[in-house]
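Residues per chain are reported as follows:
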Amino acid sequence: MSSKFVIGRRKVIKSTGALAALAAVGPFFHVRPALADKGELVVVSWGGSWAKSMREVIFADFEKASGLTVKDDTPPENAKLKAMSDAGNVTWDVLETDLPAIQTMIGNGLLDPMDYSKIDKAKLDKIPKELHSSHAVGNKLYSFNIVYNSKTFPTGRHPKSWAEVWDGKAFPGSRSFAFRGGISPQLEIALLADGVAVDKLYPLDVERAWKSMDRLRPLVKKWYQGHAEAIQLVTSGEIDIANTVGSRGITAKRAGAPIDVEYNQGKLGADYWCVTKGSKNKKAALEFINFALDAKRQAGMVQRDPYGPANADAFNHLTAAEAKDLTTSPENIKRQFWINEDWWGKPGADGKNENQKQKERFAEWMLKKG
Amino acid sequence: MTPASAAAAPALAARYWRSRPGLLVLFCLAFFAALYLYPLAKLFVWSLYGPKLGLANYERLFTQASPFIAFRNTLDIAVIVTLVCLALGYPIAYLMTTVGPRARAAISLLVLVPFWTSILVRTYAWIVILGKNGIVNQALTDWGVVARPLSLLYNMFGVQVGLSHVLLPFMVFPLYGVMARIDMRLVRAARSLGASPARAFLHVFLPLSLPGVAAGCVLVFVLGVGAYVTPALLGGEGEVTLATLIELMIRDLLDWGFGATLGVMLLTVVGTLFVAFSAALGLDRLTGRG
Chain A
3 MSSKFVIGRR KVIKSTGALA ALAAVGPFFH VRPALADKGE LVVVSWGGSW AKSMREVIFA
63 DFEKASGLTV KDDTPPENAK LKAMSDAGNV TWDVLETDLP AIQTMIGNGL LDPMDYSKID
123 KAKLDKIPKE LHSSHAVGNK LYSFNIVYNS KTFPTGRHPK SWAEVWDGKA FPGSRSFAFR
183 GGISPQLEIA LLADGVAVDK LYPLDVERAW KSMDRLRPLV KKWYQGHAEA IQLVTSGEID
243 IANTVGSRGI TAKRAGAPID VEYNQGKLGA DYWCVTKGSK NKKAALEFIN FALDAKRQAG
303 MVQRDPYGPA NADAFNHLTA AEAKDLTTSP ENIKRQFWIN EDWWGKPGAD GKNENQKQKE
363 RFAEWMLKKG
Chain B
131 MTPASAAAAP ALAARYWRSR PGLLVLFCLA FFAALYLYPL AKLFVWSLYG PKLGLANYER
191 LFTQASPFIA FRNTLDIAVI VTLVCLALGY PIAYLMTTVG PRARAAISLL VLVPFWTSIL
251 VRTYAWIVIL GKNGIVNQAL TDWGVVARPL SLLYNMFGVQ VGLSHVLLPF MVFPLYGVMA
311 RIDMRLVRAA RSLGASPARA FLHVFLPLSL PGVAAGCVLV FVLGVGAYVT PALLGGEGEV
371 TLATLIELMI RDLLDWGFGA TLGVMLLTVV GTLFVAFSAA LGLDRLTGRG
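Taken in order, these protein sequences are the chains called A and B. Taking the numbering used here, the leading residue of the first sequence gets 3, the next gets one more, and so forth. Taking the numbering used here, the leading residue of the second sequence gets 131, the next gets one more, and so forth.
FYI, nobody ran anything at the bench for these hints, they're computed from the structure. Incorrect hints may have been included.
Pairs of lysine to any residue, SDA-like flavour, derived with a Cα cap of 25 Å [said to hold, decoys possible]: (1) A/Lys255 / B/Asn263; (2) A/Lys359 / B/Trp176; (3) B/Lys182 / A/Ser119; (4) A/Lys82 / A/Thr71; (5) A/Lys282 / A/Asp63; (6) A/Lys359 / B/Asn263; (7) A/Lys370 / B/Val400; (8) A/Lys370 / B/Met286; (9) A/Lys73 / A/Lys171.
Part of the chain A face toward chain B, derived, beta carbon under 10 Å [unchecked claim]: (10) Ala81; (11) Lys82; (12) Lys223; (13) Lys224; (14) Trp225; (15) Gln227; (16) Gly239; (17) Lys354; (18) Gln358; (19) Ala365.
In this text, a Cβ means the ideal position worked out from N, Cα and C, and glycines have one as well.
Based on the provided sequences and hints, a complete structural model is requested.
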């Protein structure tokens, strides 16, 4: 056999292998979005239409006012920030994410305390005290709701409580819940489905909640990876009922998709602004947060994506019809409950918070073949 | 060896390393050390911090059930996918060796075009094909074969179908590479000596193609064990694979120590299987020592 050919084969195999390896690790190389010290501010959010709206409503004006260029990046994940911090080169300045994730970041020393002296008092007065956290200030409110296909369940004959979502006989059809449970495993919702009163939820009866999850499991056809995927599954009719972010469902409904949202027993949470430790633009970062919390800009954001504004004054800039659709419209908010972020985020004796512990338990629960 | 030439050897070696091919080899070694060995070593070091230096992560690995269930799920997927790829890939590769150059180019193209297409696109295509209102279910319900749409997606079946499609080229090309080198006169000789076509194939062609089988199986298996995107999108009922579990540890829980430990476990098991495979199926013949 000619040795030339053998070398050729070997090369082919090696290069195919190398290509495959590159393809496999590709997503983990973090492409630097911007050089933060060159008059640029990097704002990291969960992307999608929200990031697009931010560009139109906030970034454009802020660039004019400050002379800085605003770059956006996504997603604001713990792991990426930790990798940047370990490498000693934090390129992110401002993050928008949920409190349990923020608590984990604080535990890893990745965030600076929020400097409230740099935010206008008039704005802070209009933001509920619960959203003034040590390292972060609330920006938008969202909730996990019953999002259903309106062809399978015409509005009015749809499941109106989590107990009904858990009831596969009265409401036949497939369910989809978040893999890893999104912000945190949906234990509150499991307890509500099991008949626990909404004011008796915390501290959560974890064992009872997981037993309730056991009953849900046979109904779940797909544990979705992202909220956009959940909306797509319901819109296409692949899934009949999903537990996902309601305002995304409203956005799809506005675009004409056969989808609707039941706000009853929704789990309300918030996304917060925070500043990274190691940011080279601390001053500008705080200026940006102050700028973004302006009532008019908050109203502009929720007109496009119907979440709830943290700044209550935003409702002054909305029409009655626009306000009605919001997660936190007077009609919707009274039927929902607040996640107790302290219960989820406070570190226990072993340094881990409940969010981390229950997510680990979720992985184990997932692995037990049901 | 004379004393003189023995003395000259180091000088010769030094000259070799300074020569152009030597520099290239050095460059490759440096490249591999920096981009492969260094991260690998770092991964191993991380696995020893849990968070204090020690074997706490390994203790967890052997006392918890979840890594092993995840590993079994991973193997379930990788083994089935390897077998499916072999069953589909072998006839394709065989066909490529028997047809003319033009037909061979056409078949190569059919295998390569999906290979060049993004894995995400191919995975989403399967969602369209296998979905509740997808082409397959539409056809089956329209023809009255089934009363209600079959559950083809978001389960083990969906993952195995999707991943087999994604990895098929990694089976076909190593197989074809080996088959193209097989001297077909040997098969004809067997036929002229009275062997039936089946017998000539089984006793002459098949054994000669085994190194290709081994190479293809190893490639598909290794890629299958590490697959992340396809199981995440096409699975649904909780087919948690090792890759998914590692992702959870690294991305969500910031438990990089245990994530690294799972990575080391995966590498060790796959490495062991690779050595066993190559010993049993003669992979070394492929790399020129046979």
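Hints versus structure:
1. With a C-alpha separation of about 20 Å, the suggested pairing of A/Lys255 with B/Asn263 holds against the 25 Å cut-off.
2. Distance restraint check for A/Lys359 and B/Trp176: the Cα-Cα separation of roughly 21 Å lies within the 25 Å cut-off, and the hinted pair is therefore satisfied.
3. The hinted pair formed by B/Lys182 and A/Ser119 fails the criterion: a straight-line CA distance of about 38 Å is larger than 25 Å.
4. The hinted pair formed by A/Lys82 and A/Thr71 meets the criterion: a straight-line CA distance of about 22 Å does not exceed 25 Å.
5. About 21 Å separates the Cα atoms of A/Lys282 and A/Asp63, which keeps this hinted pair within 25 Å; it holds.
6. Distance check on the hinted pair: A/Lys359 and B/Asn263 sit about 38 Å apart at the alpha-carbon level, beyond 25 Å; violated.
7. A C-alpha spacing of about 24 Å is found between A/Lys370 and B/Val400, which places the hinted pair at or below 25 Å, so the restraint holds.
8. Note on A/Lys370 and B/Met286: the hinted pairing holds, with a Cα-Cα distance of about 15 Å set against a maximum of 25 Å.
9. Proximity of A/Lys73 to A/Lys171 is assessed by CA-CA distance (about 50 Å); at most 25 Å being required, the pair is judged violated.
10. Taking 10 Å as the C-beta cut-off, the interface hint given for A/Ala81 holds, the closest approach to chain B being about 5 Å.
11. Given the 10 Å rule on beta carbons, the hint for A/Lys82 holds: about 9 Å separates it from the nearest Cβ of chain B.
12. For A/Lys223, the shortest C-beta to C-beta distance to chain B is roughly 5 Å, which falls under 10 Å, so the interface hint holds.
13. For A/Lys224, the interface hint holds, the least distance from its beta-carbon to any beta-carbon of chain B being 4 Å, beneath 10 Å.
14. Using the Cβ-Cβ criterion of 10 Å, the hint placing A/Trp225 at the interface with chain B is satisfied: the shortest such distance is roughly 6 Å.
15. Look at A/Gln227: its Cβ gets to within about 6 Å of chain B, closer than 10 Å, so that hint holds up.
16. Hint status for A/Gly239 relative to chain B: holds, with the closest Cβ pair at about 6 Å, below 10 Å.
17. The beta carbon of A/Lys354 comes within 9 Å of a beta carbon in chain B, closer than 10 Å, and the hint placing it at the interface holds.
18. Satisfaction of the interface hint for A/Gln358 is found here, the shortest Cβ-Cβ separation to chain B being roughly 5 Å, below the 10 Å cut-off.
19. Given the 10 Å rule on beta carbons, the hint for A/Ala365 holds: about 6 Å separates it from the nearest Cβ of chain B.
Hints 3, 6, 9 from the list above are not met by this structure, while the remaining hints are.
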